[in-house]
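Here the protein sequences line up with chains L and D, keeping their order. Under full-length UniProt numbering, think of the first position of the first sequence as 1, with each following residue one higher. Under full-length UniProt numbering, think of the first position of the second sequence as 1, with each following residue one higher.
Everything labelled a hint here was simulated from the structure, so no lab data went into it. Be aware that a few hints might be false.
Remember, identical chains collapse to one label, so a pair may be satisfied in a single copy or spanning two.
[Claimed, not checked] Listed below are the simulated SDA-like cross-link pairs for lysine to any residue, each with C-alpha atoms no more than 20 Å apart in a straight line: (1) 388 / 419; (2) 125 / 275; (3) 125 / 441; (4) 188 / 65; (5) 125 / 114; (6) 125 / 87; (7) 121 / 446; (8) 5 / 32; (9) 121 / 86; (10) 388 / 341; (11) 237 / 216; (12) 125 / 84; (13) 121 / 84; (14) 388 / 298; (15) 243 / 372; (16) 3 / 206; (17) 243 / 230; (18) 5 / 18; (19) 388 / 303; (20) 101 / 49; (21) 388 / 402.
Number of protein chains: 2
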Amino acid sequence: MGKGKSFFAVEAATGNSLPVEFAGATLDEVNEASALAWEAFPSFSETGLETRAAFLDRVALEIEAIGDDLIVRAMAETGLPRGRLEGERARTVGQLRLFAKEVRAGRFQELRFDAGDPTRKPVPKPELRLRNVALGPVAVFGASNFPLAFSVAGGDTASALAAGCPVIVKAHSAHPGTSELVGHAVQKAVSDSGLHPGTFAMLFDTGFEVGQALVADHRIKAVGFTGSRRGGMALVKIASERKQPIPVYAEMSSINPVILFPNALQQRGADIGKAFAGSLVLGAGQFCTNPGLLIAIDGPGLDAFKDAARAALAETPAQTMLTGGIFKAYCEAVQRLASHSSVAELARGQDGKEFQAATVLFETDASSFLAHPELQEEVFGAAGLIVKCSDERQVLEVLDNLEGQLTIALQVDEADHPAAQVIVPRLQQLAGRLLINGFGTGVEVSPAMVHGGPFPATSDGRSTSVGTLAIYRFLRPVSYQDFPDVLLPSALQNSGTGK
Amino acid sequence: MGKGKSFFAVEAATGNSLPVEFAGATLDEVNEASALAWEAFPSFSETGLETRAAFLDRVALEIEAIGDDLIVRAMAETGLPRGRLEGERARTVGQLRLFAKEVRAGRFQELRFDAGDPTRKPVPKPELRLRNVALGPVAVFGASNFPLAFSVAGGDTASALAAGCPVIVKAHSAHPGTSELVGHAVQKAVSDSGLHPGTFAMLFDTGFEVGQALVADHRIKAVGFTGSRRGGMALVKIASERKQPIPVYAEMSSINPVILFPNALQQRGADIGKAFAGSLVLGAGQFCTNPGLLIAIDGPGLDAFKDAARAALAETPAQTMLTGGIFKAYCEAVQRLASHSSVAELARGQDGKEFQAATVLFETDASSFLAHPELQEEVFGAAGLIVKCSDERQVLEVLDNLEGQLTIALQVDEADHPAAQVIVPRLQQLAGRLLINGFGTGVEVSPAMVHGGPFPATSDGRSTSVGTLAIYRFLRPVSYQDFPDVLLPSALQNSGTGK
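So that you can see chain L by itself, here it is in the shape it has in the complex (with noise of 0.2 Å):
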């Protein structure tokens, strides 16, 4: 595709390169991209509700149609099993149809109208009409651990297109195949549904440059973003620092805490650790909603929790991680833990090959999680702390010193719950999603779902990149005051859907 540096994929299991070469994209193409969207930017933003609804519908039905060579395909890159993979597969072409639906349904424009009175004293009042309109090309980065649901064609690329924007997607350079195959299928749903071709660009690159331009282009007006804090943030500088700064949108780093409350560590202190060590492996720990951290007030309720967690983790095979670089950073996060003067090795799954990590559960008591905030950094994989308490006070210390979160959830019994109702209003501030009796890992699209977060779980903690309420990142209200029939948006007419 790109005329830029060429690269293979590589086998996460093997770190072999695959047969297949990719080309990267090269500053001009960027610049190409970026004309492309901005032209196709007035006609796609003003589609007809049910023309870009039929289109979002038409690409789930083309990455379908693209069958099991896309399974095949990204689990060679990413090492993540086919059952998984399916999964991934339905929420992604499920998230494309709920967007069409919302598309259809129009609620996202917001229509107001407020009637004038040209009598009113001592100034007539005016008419005013509100609809949203789409902000403009969006940029859309694909993560590594959602090759399908959080990349090409995932939520960020989903909602932006709903909203009326063009997208351009940087493919993420660890599964370019997957991402040349979905590339593929939303190009054809542009061009069998009559659109302009710059609706939809993929770049690809192996290193940041190509990235960093498309943020720094002009005619980019938001970003979606899911991945490390360091990456995040280099964006939102970058966007900042625009001439026309825009919103960045990133999703970066939560270790999503857990609160395992006395009545109900006392009641089902085993149940809860053989639950909470099937979470903490689920996709080797790759999920931004893996429960990173538990904290808990130190007891025999806790030791059941710890025994049977212990129990079910050594029993736990050593999986394989997405990139050799993350399974790389996961073995130095892990050592540094492990050799942390005030945190203790709890359990270890098994042992595996090279690119296979093992789950490892530390713990460390409050007052030290309070005197190392490093211990507060995310570890992306299988990993996870336990934050021992003497008493409710210090829980609740730990909690005030927090960082924002996506996810908070609580272990409760109904004896727990005077305790509970103490803390909910302070998790609130600190996390888009609390959850009673489970765990962050399952993220539900639906319109009631948040998957955000104060910082630095992500760049923008008023949004959500998960669920339809994600539609509205990529959208801004204008006002139409006075206006004769004929030059209103058709939404907004008398005639129209609002009226």
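Given chain L, put chain D in place with the hints provided.
Structure of chain D alone, referenced to chain L:
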């Protein structure tokens, strides 16, 4: 009030000190106010809707109860005439009451309910309930040009309080007496409503230290500002460099272009010229929505417009500006334009005493305007610039090179509609509000109003600072998964307002 450096209010018309002394805040007092606001936040954000609405109504009543003292004081400090200030007071209390209604209606909570399905395969569907929660304590900067409607109890304060956010106002030093009267009114309403005293605080400072410390304080979670581009961007920088960056809603600079279409000019060029002159000099041009730029195709219609504007402006007396600093900056900016090699002076209003500014209307041609980006810089005051274009193509070129605006107005007759239809889609990318056959200087406080726009009109073009939508600036969504009723916030309970 404060323990910092004291200062006197200044009479706008004379530059003389007024007799009462005010005390600036110290950094200790900033810290104390933030600590109190943080303490007030949990209870204030969870007040029942009726309690919060009644509080806003009470603030309006208390402001009215100050009576004429408020108007007299504001007249002295700002130089604005009685009629304008009485209108602004009506707008301020009307705004508070509108937000009270909005709070009672409860729509801003955006409650969402997704039913669960424990039998779903392969994984059960969780139950999700969503609501918007308040961001936290908000710092509001009073504006110099609206001593009531954009100051201590103005739009930012009203919308933040409505959202459930405690507010700390940094009062503008140009009208400390006015601020103190309103600040006491709000404090009385807080106390009479039985709310936590940290719900509202006001700080004085003649410099930047207090405001900067406020924005940097970790307990402040959002900022509302109306003022200069330099001032707004300084706050954006501080907010983005915090350990936890926060949103800044800064309304900064806009020249509010007016596009004069050929048929409208031909039919009623003189009428438009007269109406324009009236809008330009309103409030000595000290409106964010002041029409500072006219774009038109040269010809007899434009000549008629210019003749009428010239005649009207020649009869316009000079007007007292808000402060000596603003007067000086206006004179310098006018001088820069007058001596600009590509700019000609077209009309001038009457001269006045010191601190009184004369209106000036300049003209240039499109090529010069495009070649000199500095001609787009906002002149705060009653100065306008006409950009003469040779044809429609040149009008489009000028539009394509405009920065973001609060408003863009079109003067059109029916015969201009085809040409306007081409331009409107571009304009909606440039401004928050578009008007037909009017000027942007009246800003209606209502549900369909957008007083915002792309950078540099504001630092966040996805929002509005006037109208009921303004409340959304201070909210973020939170999702509650599988919560027992007793742990949910009341609005989301089965017996709550939403179900």
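Do the hints match the structure? See the list:
1. 388 / 419: within (17 Å within a copy, 70 Å between copies)
2. 125 / 275: between (61 Å within a copy, 17 Å between copies)
3. 125 / 441: Between copies only: 13 Å across chains, 52 Å inside a chain, cut-off 20 Å.
4. 188 / 65: within (11 Å within a copy, 67 Å between copies)
5. 125 / 114: within (9 Å within a copy, 40 Å between copies)
6. 125 / 87: Answer is between; shortest inter-copy Cα gap is 14 Å, intra-copy 54 Å.
7. 121 / 446: Between copies only: 16 Å across chains, 47 Å inside a chain, cut-off 20 Å.
8. 5 / 32: within (17 Å within a copy, 57 Å between copies)
9. 121 / 86: between (65 Å within a copy, 14 Å between copies)
10. 388 / 341: Only inside one copy: residue 388 and residue 341 sit 16 Å apart there, 73 Å across copies, limit 20 Å.
11. 237 / 216: both (10 Å within a copy, 18 Å between copies)
12. 125 / 84: between (58 Å within a copy, 17 Å between copies)
13. 121 / 84: between (65 Å within a copy, 14 Å between copies)
14. 388 / 298: For residue 388 and residue 298, only the intra-copy Cα distance (5 Å) is at most 20 Å; the inter-copy one is 77 Å.
15. 243 / 372: between (39 Å within a copy, 16 Å between copies)
16. 3 / 206: within (13 Å within a copy, 58 Å between copies)
17. 243 / 230: between (23 Å within a copy, 14 Å between copies)
18. 5 / 18: within (17 Å within a copy, 70 Å between copies)
19. 388 / 303: Only inside one copy: residue 388 and residue 303 sit 11 Å apart there, 81 Å across copies, limit 20 Å.
20. 101 / 49: within (10 Å within a copy, 32 Å between copies)
21. 388 / 402: within (15 Å within a copy, 58 Å between copies)
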